[in-house]
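Based on the provided sequences and hints, a complete structural model is requested.
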Amino acid sequence: MKKEFLLLLAVIVGLGALLFYQKKGKTNYQLPQLSAFSEVADRLLLEKGKERIELRREDEIWLIGAEKYRADGTRVASMLDKLKELQPVALISEKGNYQLYELDPEKRISVALYAGDKLLRRLEIGKSSASLRQSYIRLGEDPRVYQVLGNLQSNFFTTLDDLRDKQVLSITPEQRESLNEIVLERFADGKFESLKMIRLPLENQPVDEGRTESETPAETGAADPAGGLSTASAPVPGSPELSGWQLPDGSPVTASAVAELLDGLAGLKCESFLAERSGAEFSRPCYEFILRGAQDEFRLALLASEDGGYPAVSSAVAEPFRLSSWKGERLIRDFAVYTGPRPQSSGR
1 MKKEFLLLLA VIVGLGALLF YQKKGKTNYQ LPQLSAFSEV ADRLLLEKGK
51 ERIELRREDE IWLIGAEKYR ADGTRVASML DKLKELQPVA LISEKGNYQL
101 YELDPEKRIS VALYAGDKLL RRLEIGKSSA SLRQSYIRLG EDPRVYQVLG
151 NLQSNFFTTL DDLRDKQVLS ITPEQRESLN EIVLERFADG KFESLKMIRL
201 PLENQPVDEG RTESETPAET GAADPAGGLS TASAPVPGSP ELSGWQLPDG
251 SPVTASAVAE LLDGLAGLKC ESFLAERSGA EFSRPCYEFI LRGAQDEFRL
301 ALLASEDGGY PAVSSAVAEP FRLSSWKGER LIRDFAVYTG PRPQSSGR
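Residue numbers (my numbering): 1 to 348.
Some hints here could point you the wrong way.
For lysine-lysine, the following DSS-like pairs were computed, each having C-alpha atoms within a straight-line distance of at most 25 Å [stated by the list, open to error]:
id, residue 1, residue 2
1, Lys48, Lys166
2, Lys68, Lys166
3, Lys166, Lys82
4, Lys127, Lys84
5, Lys95, Lys68
6, Lys107, Lys95
7, Lys127, Lys68
8, Lys269, Lys327
9, Lys95, Lys327
Derived from the structure by calculation, the hints contain no laboratory data.
What follows is the structure, given as structure tokens:
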């Protein structure tokens, strides 16, 4: 009995020692809990290396730098959501090793969010994990490295041009309905040509009974790769798809072609901005679009294609920009696409 008791006691002591050393070997730490904030942020600073971008909120719009370029609202909203929801999920390092996590001064992204003079969030973003599902960060003055969920690099690594709002022409449905004149102008081979289309009052528009919803607009008449304008398969005036718009002499135009033009211009976005280009270069564009309504006028002017895109200016932004090739070619169409083959007015 005594031996059994001693054996049981030895087992208990052994298990106790094992549990003690296991517990001693564990790292005990408490993750910081970032407090939620209800203040409306109005300033965001992003820094990487020698690059610094400052965004300020004015009248519900985020603007970039002293130039006050309009920022991409969706992109900024995504960054704000990430900062508001940010919570560490693991402590990775207490010893620094910042280069290992790309948190060294050359590679880290420093982020600071303010509401007035109040600092809401301050952190440094390093690299993402191999799975791209987590990121390594530092919080404020805390020297430790933490892990958070999500690929923050993809949200916060940016350039000024990437962060800008790329919309260069905006036509609302109400503005589109009020349009009553479209003027297309082009200058090629030393010759100027123009096409003017006017919109009939609603009560005078013919009823389109021949077209069904399953029919798709023709994609003919786009600029060919060599820079010419195709007239193949242009719709014939008088077909059932013609209504609403006409030429000043009363001749009909192809409604589907006009609709495609307005669709392409309504929410037009550029590929990049051309800060080095001067607006004076666009005094004689290769192709220009002028849309007029009761209270609005919209303009878009394109130069000839170069470097895989179309330099352009619009009435909505002050700076020249580049349209991608496919967008430019979708807009630049032969006049016959709208009218069918007919002589054009020339001379300026």
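Status of the hints after comparison with the structure:
1. Lys48 to Lys166: OK: Lys48 and Lys166 at ~23 Å, within 25 Å.
2. Lys68 to Lys166: 14 Å, holds
3. Lys166 to Lys82: Distance ~22 Å between Lys166 and Lys82 Cα, so the pair holds.
4. Lys127 to Lys84: Measuring from Cα to Cα gives roughly 20 Å; hence the hint holds.
5. Lys95 to Lys68: 41 Å, violated
6. Lys107 to Lys95: Cα-Cα ~18 Å, so holds.
7. Lys127 to Lys68: The given pair, whose Cα atoms are some 30 Å apart, is violated under the 25 Å limit.
8. Lys269 to Lys327: 9 Å, holds
9. Lys95 to Lys327: 52 Å, violated
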